[in-house]
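Trainee: These protein sequences, in sequence, are chains A and B.
Residue numbering for the first sequence is 1 to 76, as defined by our numbering.
Residue numbering for the second sequence is 1 to 311, as defined by our numbering.
Everything labelled a hint here was simulated from the structure, so no lab data went into it.
Simulated crosslink set (DSS-like; lysine-lysine; CA at most 30 Å straight-line):
1. B:Lys-227 to A:Lys-33
2. A:Lys-27 to B:Lys-9
3. B:Lys-4 to A:Lys-37
4. B:Lys-148 to B:Lys-100
5. B:Lys-9 to A:Lys-33
6. B:Lys-191 to B:Lys-148
7. B:Lys-227 to B:Lys-294
8. B:Lys-2 to A:Lys-27
9. B:Lys-148 to B:Lys-42
10. B:Lys-258 to B:Lys-40
11. B:Lys-9 to A:Lys-28
12. A:Lys-37 to B:Lys-2
13. A:Lys-37 to B:Lys-8
14. A:Lys-33 to B:Lys-4
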Amino acid sequence: MTGCNPRVMMCLMILVIIEGREQQLDKKRIRIKTLLKRLHINPETALALRRGELLPEDEEIVEGDTCVIRRTVAGR
Amino acid sequence: MKCKQCEKKAVIRLRAHHISLCREDFLAFVLNRVQRTIDKYKIFVPGERVLVAVSGGKDSLALFDILQRLGYAVEGLHIDMGIDGFSQRARNVVEDFLAKRDAPLHLHALGEEAGAGVPEIASQLQRPPCSLCGMMRRYVMNRFAREKGFTALATGHNLDDEGATLLGNVTSWQIGYLARQSPLLPSTHPKLVTKAKPLALLAEREVLAYCLLRGIEFHEEQCPHSKGATSRNHKEVLNLLEYYSPGSKIRFYQEFLKNQRIFSAIESHALQECSVCGSLTTRETCQFCTVLGKLRGSSRAASDRIGASKG
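Next up, chain A with everything else stripped away, as it sits in the complex (with noise of 0.2 Å):
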């Protein structure tokens, strides 16, 4: 991995946002439904987003992606 820029490697990674906290996926992509089982979120108390637009759970996301998880209840 000598000469490999981080910036790059933040890019290519998937970014999380779970209420004001980040997080990184070190994958090339991954199904909503499968990142909320990652995450331990049941989906029937979250909805994802990729730039401000609403994901159902069959939807991919990819590297370089960042995707934001809003909760229906804060602070659980």
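Dock chain B against the given chain A, drawing on the hints supplied.
Mentor: This is chain B only, laid out in the frame that chain A set:
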């Protein structure tokens, strides 16, 4: 995933209804569902003046937006409960929201009437802030609506709220509460305003999606006193059931409503007028006046103690 109505790209899957919908069809679904709730439970009649309790959260702002779009003459009531910082931020959100819609807003500050906000009152009387807050808000809402001539008061309770309340009432077999829980609580006395919950058949996730798709900016902050509230645990339990068996929440609530008459034979408490303010209560003095009386008493006692120690 395609929209069931128009085959465009779907933005949301509603597992309880076995459908996926695009933005436009989802927004139409929400309006249609609320209108059907209003019609089914005969909540409002066309042209009726409706007071909407607007806290600034997603549910109350969505309700206001939906009722306005459905053509009802709505006005907002915001009660500032005097919770440090939190209440001020909620009030700012409500003022912005209603100003953009050029809609009437009525403001009531609890601190101006009681001399203190909920946290101070709770601390002075050593009572849980949440129950105190709920009781005082209900009192102020009913009194305000009655005094200003509104025939109905609407709140933003959604299916998750109603389901959580129902589960709480069932787990402790609160028969009296079970007999009264409904999307419509009709007025049974001139001093009681009709209370309505037009969002009762919409899941909390659907209300959140509605706000996001409409671009409604709501107050997202959690009340600092609501952590650990039992209703949140009940919601989690119901959403877990919903996850494993889609449609559980709506079945739980709607089947209860269908069979509610089982509980209606239970005699309700006789109501009388409060000896202080004249509003209806099951006691000699209503809870609101009892709290204010104790508060004034404890303030007087405190000042007497200070006076005595100075003397």
